[in-house]
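Chains A and B supply the protein sequences, listed in that same order. In case it helps, the working numbering puts the first sequence at residues 488 to 685. In case it helps, the working numbering puts the second sequence at residues 1003 to 1606.
Away from chain B, derived, C-beta distances all over 10 Å, residues of chain A:
no., residue
1, Pro491
2, Leu507
3, Leu616
4, Arg629
5, Glu630
6, His644
7, Pro647
8, Val666
9, Ala678
10, Leu679
11, Leu680
12, Gln681
13, Pro682
Now the stretches of chain B that chain A is said to cover, found in silico as 3 or more residues with beta-carbon under 8 Å:
no., stretch
14, 1168-1175
15, 1556-1567
Don't read these hints as lab results, they were simulated from the structure. All figures in this text were calculated on a predicted structure; none of them were measured in a lab. Heads up, the beta-carbon is just placed ideally off N, CA and C, and yes, glycines get one too.
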Amino acid sequence: MSVPKGDVFLAGVGGQGTLLASEVLCDAFLLSGFDVKKSEVHGMAQRGGSVTTHLRFGPKVFSPLIEPGKADLLIAFEKIEALRFAHYLRPGGAMVVNAQEILPPSVATGQERYPQDVTERLRAVTDRLHMVDALAVALSMREVRAVNIVLVGAASHFLPLPEAAYEEAMKARLPSMIVDVNVRAFRAGRALLQPIDR
Amino acid sequence: MSVLIKKKEEIRLLSGNEAIARGAFEAGVKVASAYPGTPSTEILENFVRYEGVYAEWAPNEKVAVEVAIGASMGGVRALATMKHVGVNVAADPIFTVSYTGVRGGLVIVTADDPELHSSQNEQDNRHYAVAAKIPMLEPSDSFEAKEFTRLAFELSEKYDTPVFLRTTTRISHAKGVVRLEEPAGPAFRPGFISDPAKWVMLPVNGKLRHLVVEERTKALREFAETWDGNRIEWGDRSLGIITSGVSYQYVKEAFPDASVLKIGLAWPLPVRLFREFAAGVSRVVVVEELDPHLETHVKALGIRAQGKELIPIVGELDPRIVRQAITGEAIPVRAPEPVPSRPPNLCPGCPHRGLFFALKKLKVTVTGDIGCSTLATLPPLGAMDTCICMGASIGNAHGMEKALGPDGAGKVVAVIGDSTFLHSGVTGLMNVVYNRGISTVVLLDNDITAMTGAQENPATGKTLHGEPTRRTDLPALCRALGVEHVYTVNPHDMKQTEAVLRREVARPEPSVIITKAPCALLPEHRREKRPVYEVITDLCTGCKACSRLGCPAIEWVPFTPEEAVAAGKKATQKGMARISPLLCDGCSQCPPLCKFQAILEKNS
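So here's chain A without its partners, still in its complex pose:
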């Protein structure tokens, strides 16, 4: 059997925890016997700017970067960021988008409005669009920082890994005191979507 391969693009806003989410995903792939590479940028971009992570898995991965038009899955932590990087998705790729709105500076200062048609424009990119309210789930758990893992849970339906791989990865990666809340966040996120769209 050939080992499946795929490209996962994560997009969000600095401070949303995209980095930790991608760490958990990478570890889960590695534990399941895949070759993995991921690339992201630290430093200046993290100060509230757009942040992205390129994650690639397969039997053997060369490039740490995903080409535009080649990502199988786009996980977006914020709606505008989903749209900003939508051109990375391959035709027919899946998108899991957090319904949260974080205002970019031009919107926060009233120079322009937050685009009202983001969902429609995303739907024009792919019919495999899944909007989830990860912030509401995290807030209901009284842990706003768990938004990232809620999203990983929702996105896990589109990745070829068993649920146990993610939980094992979290146990290995996270400080023990926050493992439990993140495992719960993962499960709550996974429960947001049905496993229909593989």
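Following the hints, complete the assembly by docking chain B onto the known chain A.
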């Protein structure tokens, strides 16, 4: 990390920086020194976690290299790491340690930043290897980053030379699989062996060492011919690609069937291998990011090759760019959607925001510096006019004042962070005093090196190992340099800050204003209980006075005339301000800006 170190041999997913740290540990490095700089910072942050090592943040890269040289002289393996522009600062000792050579293995990591993700330029530091006559290894992923780091120390001792290890952002900050091994060190004990002919670079000694350097380069060129890190991967002979670093990965992705000559040693280069490869393929293309380093040397051999006429010289590559450049075929992809841009911004609660807001009111020219504060250039603050390099703000202000003459008095202010000041601003300030300057210098003391992700520095009172230490006393240092007027203000109190700024800018003498308040991201600050502010809807007139702060927590809620009326406002009110309780840091900068007293502490 602790698990990682204890198990005997295993596979781990590490970033290039983590892999270099691991490689240095496995190579038995005893002393490491660095100044933080993206994308190099995490090397020492990871290295310091290994048992039995010593690592430190130096005030700048020159000191870091000098410390590493000292450790090498003392007989242990030593590491200095820095970003590409850090090598400019450290170039002085680097060019001469090339002559002296080493005792314990000495490796200098240069982490380049093509695409300027977090830098002021995208210089290609492979030129330094040529100019300083120092061998340079160039890994193409995390796996090689660790292997090459180990090898670098072996080469250093075998050939009596410092060795460069060059990464780029996509090596340093990309994760890949790494094979962990057991540590091994140099085969000799620490101790300095006096040998003035080697270590004292008087002209007479330096002249002789230069001959040694040239012989060494010949020997290394021979190594380059036979080392399997420089290797030909024969494939389809109609296309042969010479490449190195992360570009190799893009080539393998875009042209899996092509013949490839992969270069792992960026200097010195293998002449016979180039000739053999070129003879075996019908078309040679050199694929490298930034400057035509390999290409120039390949062409100097008389080999017909294509390079920068196809491959962009600016920015990063990726598989798509490489494929398109070589085949000329553009695979159509969806155009990026037009959406509001989201540049990086000063954090909610950032003390710099208060200073720049006050500074902008003075309508002065602001010479700026490297750090988070550079973000004050962006709107709506728009309060910085220049930024060149670490420490430049003070010299720039002084030079501008000398240029403008009496007309320039009171019109220029230099702004520099605490860590940047200690890095290379101190001598600039000394120069102002010495040369009868009148500059006003604002020293942003947020108790940390913030932009690179919160590293300690000589003024924070803690070492890289987390041990308490004596702090550099910034006001006392400024006074010792001869600045008579040194004042400390709280930048969150913008009224006080503005008053002191106005007074000092008008003063025809040098002065330093220290804005003292901790970085909003420091854990000890975050643990503190702080108020959360809110906008009282009934009182907000939508005047946008608070929006001018550019705080990410202050959001604008636009109204249609109907919505305005429904909210109990005049139909002409375009909107109102709202403070995000998730983002508000309680810094208290915004309440005094509202003349309608609409911003109040929540639940007060």
